[in-house]
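Those protein sequence lines, which keep their order, are chains A and B. Mapping of the first sequence onto my numbering: position 33 corresponds to residue 33, and the numbering continues sequentially without gaps. Add 265 to the 1-based position in the second sequence for my numbering, that's all there is to it.
For the record, the hints were derived by calculation from the structure and aren't laboratory data. Among the clues, some could well be false.
[Stated by the list, open to error] Straight-line alpha carbon distances no greater than 25 Å define the calculated SDA-like cross-link-like pairs of lysine to any residue that follow: (1) B:K538 <-> A:L72; (2) B:K538 <-> A:A74; (3) B:K632 <-> B:I617; (4) A:K200 <-> B:K538; (5) A:K200 <-> B:A451; (6) A:K200 <-> B:I297; (7) B:K538 <-> B:Q491; (8) A:K200 <-> B:K422.
Model, not experiment: these values are computed from the prediction.
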Amino acid sequence: MNRIDRAFAACRREDRKALVTFISAGDPSLEVSESLLSALAGAGADVIELGVPFSDPMADGPTIQAASQRALAAGTTLERILDLVRRFRQVSEVPLVLFSYYNLIFRYGVDRLAADSAEAGVDGWLVVDLPVEESAEVRPALERNRLHWIALVAPTTPPERLRFLLEGVGGFVYYITVTGVTGARNDLPSDLVAHTAEVKEATDLPVVAGFGISSPEMARRVATHVDGVVVGSRIIDLLAGAETPEAGVERAAAFVRSLAAALRE
Amino acid sequence: MTVNESASTSSCGHFGPYGGQYVAETLMPALIELERAFGHYWQDASFRAEFEQYLCDYVGRPSPLYCARRLSRHCAGARIYLKREDLNHTGAHKVNNTLGQALLAREMGKQRLIAETGAGMHGVATATAAALFGMTCDVFMGDEDIRRQAPNVARMKTLGARVVPVHSGTATLKDAMNEALRNWVATVRDTFYVIGTVAGPHPYPTMVKAFQSVIGTEARRQVLEQAGRLPTEVIACIGGGSNAMGIFAGFLGDETVRLTGVEAAGLGLDTGKHAASICGGEVGVLHGNKTYLLQDREGQIQTTHSISAGLDYPGVGPEHAWLHDTGRAEYCTVTDREAVDAFFLLCRLEGIIPALESAHALAEAIKRAPRYGPDDLLVVNLSGRGDKDMASVEEWCAENGVESVSE
Numbered sequence: 001m002n003r004i005d006r007a008f009a010a011c012r013r014e015d016r017k018a019l020v021t022f023i024s025a026g027d028p029s030l031e032v033s034e035s036l037l038s039a040l041a042g043a044g045a046d047v048i049e050l051g052v053p054f055s056d057p058m059a060d061g062p063t064i065q066a067a068s069q070r071a072l073a074a075g076t077t078l079e080r081i082l083d084l085v086r087r088f089r090q091v092s093e094v095p096l097v098l099f100s101y102y103n104l105i106f107r108y109g110v111d112r113l114a115a116d117s118a119e120a121g122v123d124g125w126l127v128v129d130l131p132v133e134e135s136a137e138v139r140p141a142l143e144r145n146r147l148h149w150i151a152l153v154a155p156t157t158p159p160e161r162l163r164f165l166l167e168g169v170g171g172f173v174y175y176i177t178v179t180g181v182t183g184a185r186n187d188l189p190s191d192l193v194a195h196t197a198e199v200k201e202a203t204d205l206p207v208v209a210g211f212g213i214s215s216p217e218m219a220r221r222v223a224t225h226v227d228g229v230v231v232g233s234r235i236i237d238l239l240a241g242a243e244t245p246e247a248g249v250e251r252a253a254a255f256v257r258s259l260a261a262a263l264r265e
Numbered sequence: 266m267t268v269n270e271s272a273s274t275s276s277c278g279h280f281g282p283y284g285g286q287y288v289a290e291t292l293m294p295a296l297i298e299l300e301r302a303f304g305h306y307w308q309d310a311s312f313r314a315e316f317e318q319y320l321c322d323y324v325g326r327p328s329p330l331y332c333a334r335r336l337s338r339h340c341a342g343a344r345i346y347l348k349r350e351d352l353n354h355t356g357a358h359k360v361n362n363t364l365g366q367a368l369l370a371r372e373m374g375k376q377r378l379i380a381e382t383g384a385g386m387h388g389v390a391t392a393t394a395a396a397l398f399g400m401t402c403d404v405f406m407g408d409e410d411i412r413r414q415a416p417n418v419a420r421m422k423t424l425g426a427r428v429v430p431v432h433s434g435t436a437t438l439k440d441a442m443n444e445a446l447r448n449w450v451a452t453v454r455d456t457f458y459v460i461g462t463v464a465g466p467h468p469y470p471t472m473v474k475a476f477q478s479v480i481g482t483e484a485r486r487q488v489l490e491q492a493g494r495l496p497t498e499v500i501a502c503i504g505g506g507s508n509a510m511g512i513f514a515g516f517l518g519d520e521t522v523r524l525t526g527v528e529a530a531g532l533g534l535d536t537g538k539h540a541a542s543i544c545g546g547e548v549g550v551l552h553g554n555k556t557y558l559l560q561d562r563e564g565q566i567q568t569t570h571s572i573s574a575g576l577d578y579p580g581v582g583p584e585h586a587w588l589h590d591t592g593r594a595e596y597c598t599v600t601d602r603e604a605v606d607a608f609f610l611l612c613r614l615e616g617i618i619p620a621l622e623s624a625h626a627l628a629e630a631i632k633r634a635p636r637y638g639p640d641d642l643l644v645v646n647l648s649g650r651g652d653k654d655m656a657s658v659e660e661w662c663a664e665n666g667v668e669s670v671s672e
């Protein structure tokens with residue numbers, strides 16, 4: 001059983017919502033990412049998405065754009081991120097999702113990365129700019145390596161497209177809460193309730209909602225409609241806004257503890 | 266008029282291994298809607314008639330095919346013809362495409378246009394179409410390009426468009442496209458994204474080619490009328506490649522006609538400071554399509570350089586990538602210096618000030634013409650006029666110790 005499936009099974013057993021967190025790998029350095037990963041795992045993250053920095057992050061807002069640039073300036077590469085995963089796997093079994101733009105995967109080589117990432121301890125891929133129409137390029141390689149292909153559903157996805165989109169996917173389904181790019185927001189659109197209900201109707205997999213969730217209160221509210229939430233940009237803001245990386249990791253961990261607590265209520 | 270069918274005709278948006286729809290799920294429904302709308306209206310006689318009417322009465326088509334006698338004599342070889350897209354309203358071929366897309370936007374009920382622009386020509390052409398059809402228009406433009414292309418910024422604003430400065434990344438064309446895509450993701454329900462070249466996710470490469478194919482259709486008819494035979498070679502510059510694809514479209518089925526695309530070699534291919542995606546790049550995925558890209562080993566997109574802002578882009582349309590692989594078209598490069606030399610030569614010999622982009626195609630024609638005899642015909646797509654480039658040329662001449670216009 002893939003670690004992602006185990007994590008969601010545990011949430012179901014404990015009758016609570018899952019907390020998925022996102023970090024930009026290598027921001028501001030891979031050393032800091034290593035301590036951040038451990039801290040978030042310890043603070044109650046059920047799944048961690050590891051963002052691979054790209055020079056042209058078209059689906060991201062200013063926070064993740066800036067984080068990506070810091071990570072690239074620090075010399076972050078996919079190979080070094082896989083080393084980070086190997087080190088993390090010596091201390092934790094929290095599932096990791098590689099969250100990337102397709103060009104980096106394509107250049108590394110789809111088959112080679114599927115094998116290398118599975119060996120390192122990655123549990124699934126989420127490729128932002130690879131819609132289901134183009135996903136046949138990677139899915140056989142993922143299946144061979146028992147990695148999950150995580151599907152994204154958007155508020156603009158029409159109901160009749162859902163079945164096509166969710167066929168054969170694994171792990172969990174990521175519902176994008178807003179019609180827009182990533183980034184912390186103060187509130188979320190009202191169509192969230194109806195849309196997440198449609199998605200849950202269309203799949204047996206856990207459904208998590210992400211984009212824009214910036215506080216424990218928002219997380220708790222959104223989680224009433226789904227099986228879990230994703231929080232990213234706010235964690236990156238806390239990390240980047242601190243005086244030292246160590247203080248940033250501590251602040252991010254405290255925030256994640258407050259999110260985890262809110263989701264147990 | 267029909268779009269010229271060819272071996273590289275899109276099948277589900279793929280040209281061999283290139284093209285495709287590499288975008289976030291949020292945009293997929295909009296691309297599917299656009300594909301359907303384009304497929305429907307491009308076959309619709311009244312839509313086509315209206316489009317052609319605007320091309321005629323508003324753009325001033327057909328644009329002339331001009332036999333450049335003094336330039337031909339100077340080169341002492343092939344006879345050189347210029348397809349005068351520089352005489353179009355707004356000064357370049359870009360308007361053929363923006364009118365097509367704006368008409369489609371109107372049919373689809375979208376009242377807001379957005380566009381990316383580098384040199385500003387596509388921005389001006391989009392702002393023009395928006396004004397003509399009473400739509401609002403936001404043009405995304407890198408900070409660096411806003412500085413370099415001040416006259417076009419003023420033109421867009423005068424036409425009623427909002428110019429949105431882009432600070433992210435390298436603050437040039439690719440970043441403007443990133444920002445336009447980010448904006449589109451957030452506004453996709455009521456906004457039409459007018460992409461300026463034959464790149465981006467399907468159906469853009471096919472759609473933009475269709476709107477620009479009027480260039481090749483006219484050029485083929487004109488050269489047959491004037492010379493009684495097909496050209497030996499057709500030459501066009503390539504940034505994303507829309508003017509080239511537009512003129513190639515008329516000749517793809519004529520196997521005897523050589524098709525040549527000219528990329529920007531900037532300071533030279535070996536310096537790393539260039540914008541030649543096919544000649545100096547490798548296959549990757551950016552801005553919704555798989556194609557040749559300038560990128561590093563990891564797949565991070567590299568900064569580009571060209572004296573011509575319109576060619577200063579790290580990718581190329583996917584159909585060009587396929588025409589390159591299949592050998593149907595040939596791709597080569599021209600440096601900043603060669604382009605500037607060709608720019609002056611055309612000014613002095615023919616009284617035509619070409620855009621720096623088009624000067625790349627001219628420079629290649631000037632190199633090749635002497636290898637041919639007087640019975641050979643070269644058709645060069647003069648894709649735009651050079652009024653916008655006067656400051657860039659002066660600046661280049663000053664930096665390189667070349668005397669320019671002040672005699």
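Do the hints match the structure? See the list:
no., hint, result
1, B:K538 <-> A:L72, "holds (21 Å)"
2, B:K538 <-> A:A74, "holds (23 Å)"
3, B:K632 <-> B:I617, "holds (19 Å)"
4, A:K200 <-> B:K538, "violated (51 Å)"
5, A:K200 <-> B:A451, "holds (24 Å)"
6, A:K200 <-> B:I297, "holds (24 Å)"
7, B:K538 <-> B:Q491, "violated (41 Å)"
8, A:K200 <-> B:K422, "violated (47 Å)"
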